[in-house]
Amino acid sequence: MLELELEVVRDGFTLDVQLSAGAGPTALVGPNGAGKSTVLRAILGAVPVRRGRIVLDGRTLLDTRQRVDVPTEERRVAWVPQEYALFPHLTVLENVTFGVPGPAGRASAGAVMDQLGLAPLRSRRPGALSGGERQKVALARALAAEPRALLLDEPLAALDADTREMTRALLVETLPRLAIPTLVVTHEMRDVIALGGPVVLLEAGRVRSATALDAFRASPPSEFARSLVTRAVGGT
Amino acid sequence: MSPRTGAGLLGLLPATAALLMLALLAVPLFALVVSTSPGDLLEGLRHPLALSALRLSLFTTTTSLALTLLLGTPLAWWMARHPGPAERVAATLVQLPIVVPPAVSGLALLLAFGRRGLLGPALEQAGWALPFTTAAVIVAELFVSAPFYIQSAVATFRRLDEDLLWAARSLGAGPARRFFRVVLPLSRPGVVTGAALSWARALGEFGATLMFAGNLQGRTQTLPLAIYSAMETDLRPAKALSILLVTVALAVLVLLGRGTVVEAVRARA
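If you read the protein sequences in the order shown, they are chains A and B.
Each residue of the first sequence is one higher than the one before, starting from 1 at the first, in my numbering.
Each residue of the second sequence is one higher than the one before, starting from 1 at the first, in my numbering.
Okay, chain A solo, but in the shape it has when bound:
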């Protein structure tokens, strides 16, 4: 269970959110500039939080009142940003084992790579990979570190249509099995439906609603949500 209460002020923009996410995927949707990526970065510890608390499985990662601020490298929160942030000078294998050095890490990384079909690419560098392959490497790197929570920032946005279908299927297959809180930022209702988990709607830096998928579809809580839902109906 990931619970957070955050107030982040950045360049005149105020993010003020409270949300909790259980094990499995939770979709984070909202218009551009609503603060979705900032929420992920705050959980990661990459943006300064003015006031707030982040608790992951009972462990306090941040509590501004108690002056608790666990450094990013000890949070065990994995993050896959939009552009993946793969290490360009390292091979696929080196990228995936980055978070788990040593022989034991190599073994667990190997298992994750097999699972995602990355074994044949192990000695390539990110520059020589397709977009879908890079996304898989980023996911494998995140999973190999055995995180307690996973943050995916628009995991499918940079992919072409075919790759997006395949990668979506992969996420749908992989994420629920992890059984860790997984926040997935997306712009596509199809992703939200495929993930099947709760939907958190963020607008102008605040949580507008946090509901089950069915409720979100049945009665979209805002104009943005309505357009998101209907676009998916028209689009498929």
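Among the hints, erroneous ones may be present.
Stated by the list, open to error - Quick partial rundown of chain A residues pointing at chain B, CB under 7 Å, derived from the structure:
#1 46
#2 72
#3 79
Stated by the list, open to error - Quick list of simulated restraints, FRET-style, between CB atoms:
#4 A:172 to B:67: 54 to 60 Å
#5 B:71 to A:127: 31 to 37 Å
#6 B:188 to A:18: 40 to 46 Å
#7 B:247 to A:13: 56 to 62 Å
#8 B:88 to A:160: 41 to 47 Å
#9 A:32 to B:85: 31 to 37 Å
#10 B:93 to A:101: 34 to 40 Å
Claimed, not checked - If you only want the chain A side, here are some residues facing chain B, beta carbon under 8 Å, derived:
#11 44
#12 48
#13 73
#14 78
#15 83
#16 89
#17 99
#18 141
#19 193
#20 224
Quick caveat, the hints were computed from the structure, so don't treat them as lab data.
Ideal Cβ positions, reconstructed from N, Cα and C, are used throughout, including at glycine.
Based on the hints, put chain B in the right spot on chain A.
Below, chain B without anything else, positioned relative to chain A:
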């Protein structure tokens, strides 16, 4: 002269200027090379002045480069990561030695570390009399050359994609692992270029060394100072050492050029 020819000649003006400029750069080096026979070169390099200066220069520039890397890298990293008023002050301090005349640097070093300088008495009490020692040569070289490395390193560190560092942190990598496994390998071209430029500057250092460290054979007489001294007696070692320095400078340029080619190939692979 018809107006037409006049216009034609006028059109040649830029080309003439450009050739003149190139000639001005090339002729002195050409003169240096053609005026030195291979025999002169060998004779000059065998001169006692040459060997001790060569040894001293190698030792002092290697030491000052090591100190530059050791002290300059953390400073460059801090400057790249903390833009603001303090960083701007640091950036100005780093830029000044590049622009300030070496003679001024030498005087400033004397006023700081000289026997009657700001820190001189304290240093002397600690058993460290800096001026006119080999250590002073190293300090002078460090003062004038470190800025070249620091500037290059700052620029390189700034270009680094910050998300890579956050990704590394999210994977549990502490500061040392991030720096040696991510920052340094990705910054290698800029760091190597900066180190090479800085080393070349240290090797050529003359004015500040002369004023702060003096010109004592075997102790503070580096290659440029040996050239200066040799000119008064025998031109052959001066010419030989000059050619040596030009060769080293060319080698640095080739190394840097090759460095970029290697990087280009690697990026494509």
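Taking the hints in turn, this is what the structure says about them:
1. 46: holds, 5 Å
2. 72: holds, 4 Å
3. 79: holds, 5 Å
4. A:172 to B:67: 54 to 60 Å: holds, 56 Å
5. B:71 to A:127: 31 to 37 Å: Once the Cβ atoms are compared, 34 Å apart, the range 31 to 37 Å for residue 127 of chain A and residue 71 of chain B holds.
6. B:188 to A:18: 40 to 46 Å: holds, 45 Å
7. B:247 to A:13: 56 to 62 Å: holds, 58 Å
8. B:88 to A:160: 41 to 47 Å: holds, 45 Å
9. A:32 to B:85: 31 to 37 Å: holds, 34 Å
10. B:93 to A:101: 34 to 40 Å: holds, 39 Å
11. 44: OK, holds: residue 44 of chain A within 8 Å of chain B, min 6 Å.
12. 48: Since chain B brings no Cβ nearer than about 13 Å to residue 48 of chain A, farther than 8 Å, the hint is violated.
13. 73: It holds, given that the least Cβ distance between residue 73 of chain A and chain B is near 5 Å, below 8 Å.
14. 78: holds, 6 Å
15. 83: holds, 7 Å
16. 89: At about 5 Å, which falls below the 8 Å cut-off, the nearest Cβ of chain B leaves the hint on residue 89 of chain A intact, so it holds.
17. 99: holds, 3 Å
18. 141: This hint holds: residue 141 of chain A lies near chain B, its Cβ roughly 7 Å from the closest one there, short of 8 Å.
19. 193: violated, 28 Å
20. 224: Because about 27 Å separates residue 224 of chain A from the closest Cβ in chain B, which is outside the 8 Å limit, the hint is violated.
Of the numbered hints stated above, those contradicted by the structure are hints 12, 19 and 20, listed in ascending order.
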